[in-house]
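> With chain L held as given, fit chain W onto it using these hints.
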Amino acid sequence: MPLKLTVDSDRWRKHVQAFAEATPGLVPVAKGNGYGLTLRKLAHQTEWLNELGTGVDTLAVGTYNEVWEVATRFSGSIYVLTPWRPYSPDINPEIADRVIHTISRPEDLPLLLERQPNPRVILELVTSMRRHGMTPSDLWPTSAIAHERARFEGVTMHFGLDGGSLAEVRAQMDAVVGAEATTVWVSHLSANELAQLRASYGDVIFRPRVGTGLWLGDRGALTVTATVEDVHPLERGYSYGYRGRNAMRAGHLVVASGGTAHGIGLEAPLGDTHLRSRALAVARGGLDAMGQSRSPYTLDGKALWFAEPPHMQESMLMLPSGARVPEVGEELEVRVRYTATSFDEIILDS
Amino acid sequence: MSLTVRPITAAEHLAFIEKQPSVSFLQTPSWARVKTEWRSESVGWFDDLQGGALVGAALVLHRPVPKLERFTLAYLPEGPSIDWSGDLAPWLEPLASYLKKNGAFGIRIGPPVTTATWSAAQVKDGIADDTVQRLGQLTPTHRDAIGARVVSQLRAAGWKLQSPEDGFGAGQPQYNFVIPLAHEDGTPKTEDEVLKGMNQLWRRNIKKSAKMGVEVTVASPTNPANGDFEGDLSAFHDLYVHTAQRDHFTPRQRSYFSTMFWAMSSEDPDRIKLFLARHEGDLVAATILVRVGQHAWYSYGASSTEKRDVRGSNALQWAMIQDAMAAGATTYDLRGITPTLSTDDSHVGLIQFKVGTGGQAVEYAGEWDLPLNKPIYTAFDVYMKRR
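Chains L and W supply the protein sequences, listed in that same order. When we follow UniProt numbering, the leftmost residue of the first sequence carries the number 1, and every step to the right adds one. When we follow UniProt numbering, the leftmost residue of the second sequence carries the number 1, and every step to the right adds one.
Pulled out of the complex, with its shape left as it was, chain L reads as follows (with noise of 0.2 Å):
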């Protein structure tokens, strides 16, 4: 039995439609696997959202190998967040003039202008991030290009996940003022430090990309289950899993359905930069060590622990004794990071 996403679809697309509705400029994301929901489905959402008149006529996608999924499902323009450099592939000549290239690199314009004759552009200028982009003063002159031999379709900039301090953001608009540009491509901004912006920057076109925001900010209406698909019973120094492990104390191995290949079990590493969350990390590795880990998946709302590492598609659970004990094909609620997880199932509840 599968590992399974329920969407309360009707409250799902209720919250998208009021998030567009309350961000103008919206430029939704679909990458990766589509936070969860796959490429597909974002696409699809995109274009009703499109259909409904909140002005989002441009789908960010993460790479240039998400671009064909995305385009036959969504009617407007693709903007490539990841910069295009000179091994990028040739675009479908079908979809091209929808496509818009972000140049990170003054080099690499010239280049795509021999590949593509007057592309749609958005030059990415560096932040504190110093992840791609020109300095300013690569940018100007790579400006001058854009606007006389390609389509120039603003700036971007990319904050990290804090936002960018006003100051920076303010400092980075003399470089766009600079290069001419009346739209600015932005992640991460806050509403406030967005409509600040706004009010100075009337003449300034400014686009919010968002992602989880949009497609998962009402955590609500996404339900996560597994399926049981067996329940053994265990006594103390009962032996099992792969590694042949000694129980240390009475209770039930539960199988569930969801293993590695989901990404269960698998950890990003955490944003989390503060000593108490990383003293938190280092006693789950020591409990991680001797095979004992808290686990996703939940039982009458109450964590239950990994009775060993998770396999590929399954994963291994320790039930202490006294627990209700589930049944075979009852379901468990797991919480899982959905950039990182794939879902064998997705039902639409409506």
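Since the hints were derived computationally from the structure, they do not count as laboratory data. Note that this is a predicted model, so its numbers are computed, not measured. Treat each hint with caution, since some may be false.
As the list claims (entries may be wrong) - Listed next, the in silico SDA-like pairs over lysine to any residue satisfying Cα-Cα at most 25 Å (straight line): (1) W/19 - W/9; (2) W/160 - L/193; (3) W/19 - W/90; (4) W/160 - L/348; (5) W/160 - L/170; (6) W/35 - W/220; (7) W/160 - L/130; (8) W/124 - L/168; (9) W/160 - L/200; (10) W/101 - W/9; (11) W/160 - L/196; (12) W/124 - L/196; (13) W/124 - L/204; (14) W/124 - L/199; (15) W/374 - L/168; (16) W/385 - L/167; (17) W/124 - L/195; (18) W/374 - L/171; (19) W/124 - L/129; (20) W/160 - L/126; (21) W/160 - L/167.
What the hints assert, rightly or not - Short, incomplete list of chain W residues facing chain L, as computed with Cβ under 8 Å: (22) 139; (23) 145; (24) 149; (25) 151; (26) 156; (27) 158; (28) 162.
Note that the Cβ used here is the ideal one computed from N, Cα and C, for glycine as well.
Same frame as chain L, now just chain W:
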């Protein structure tokens, strides 16, 4: 481009300025003779690739700091006059090393580039709108890409913006109010067009002053045909001291104005003019007009408390605008405004007076410092902030 900076004579400097459409009067060699308390020099940029042609110039005022006699802050008010449109490092780096070698612990410049302009109507609406506190909260009618690049480059190169957030600081104002005397395509405006840009009150007051028989005369030390200049200057100064008492500011000495008129007039007889408005023999207002090339500035003003209804100040402004237009000026500059548009701000009346002329609010890049000797610059900065 390979540029060298070295001292130039006042004559070379003046010849360079005369070839430029617009240079601040604070960057003329004669301004050095007005600022007698500071050592000063003219410096030039020479392009070695263009056969050593003089391609830029600046007046540097060396401002000494108490207890640090050996070191000065090199101050280039509203300057230098260089090509601001491209990469600035080739211009500013040789300037910095020249000044450092000559004892400067820091440089202060005021790039004469605008970053944004707002129309008079926008400023007026901004004052009326309670949610708008500052000019920067309003979208400008025009934003200048070159100005933005200057600001961005200065910041990246370690220069520090000195212009205060609000109000007037010690330096030159970052926000000015100007009346364009030419259309965007460069063709001169007619007097009618400039008058039409003014609000009804201004037009009415200009008309009224003429009807009430206000007479405007112009005096300059190099034109004896205009009568007794020293007498006129004394009359101006008396009225100016009166204005200072009424409006609570500290007046400058008569000798300051005398030096200013003689120094600037000897450089160019049309550089500076004293305008006087009299009604039935009584001096009701007096102002000073300065012009360099196509840029004219209203720089000092005085007015009587009596006979305000004859509108001497409006008569003088209009006379100065007409004079500037006749001389081929494209900009009439009413000088600084504060960027605050809040009606609680004490400066808002000044903005409202200037806004009535039509014209536009202009934001400049502001004044920027580059520390050349960090410990001394820091000490200076602390000293200035405590003062």
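> Quickly compare the C-alpha distance for residue 160 of chain W and residue 196 of chain L to 25 Å and report which way the hint goes.
23 Å, holds
> Take the C-alpha atoms of residue 124 of chain W and residue 129 of chain L, compute the straight-line distance between them, and say whether it is at most 25 Å.
40 Å, violated
> Decide if the proposed pair is consistent with the structure: residue 124 of chain W and residue 199 of chain L, CA atoms, cutoff 25 Å inclusive.
The hint holds at about 17 Å.
> Take the C-alpha atoms of residue 124 of chain W and residue 196 of chain L, compute the straight-line distance between them, and say whether it is at most 25 Å.
21 Å, holds
> Hint validation: residue 149 of chain W versus chain L, beta carbon distance must be below 8 Å. Holds or violated?
4 Å, holds
> Measure nothing beyond the straight line between the CA atoms of residue 124 of chain W and residue 204 of chain L; if it is 25 Å or shorter, mark the hint as holding.
Given that 25 Å is the threshold and the Cα spacing comes to 22 Å, the pair holds.
> Keeping to a limit of 25 Å between CA atoms, is the pair of residue 19 of chain W and residue 90 of chain W held or broken?
22 Å, holds
> Taking 25 Å as the top limit, are the C-alpha atoms of residue 374 of chain W and residue 168 of chain L close enough?
24 Å, holds
> Hey, does the residue 158 of chain W contact hint survive, CB to chain L under 8 Å?
13 Å, violated
> Is residue 124 of chain W close enough to residue 168 of chain L, meaning Cα to Cα at most 25 Å?
30 Å, violated
> Check whether the Cα positions of residue 124 of chain W and residue 195 of chain L lie no farther apart than 25 Å.
Between residue 124 of chain W and residue 195 of chain L the Cα gap is close to 23 Å, so the pair holds against 25 Å.
> Measure nothing beyond the straight line between the CA atoms of residue 160 of chain W and residue 348 of chain L; if it is 25 Å or shorter, mark the hint as holding.
This hinted pair is violated, its Cα atoms lying about 57 Å apart.
Of the numbered hints listed earlier, those contradicted by the structure are 4, 8, 19, 27 and 28.
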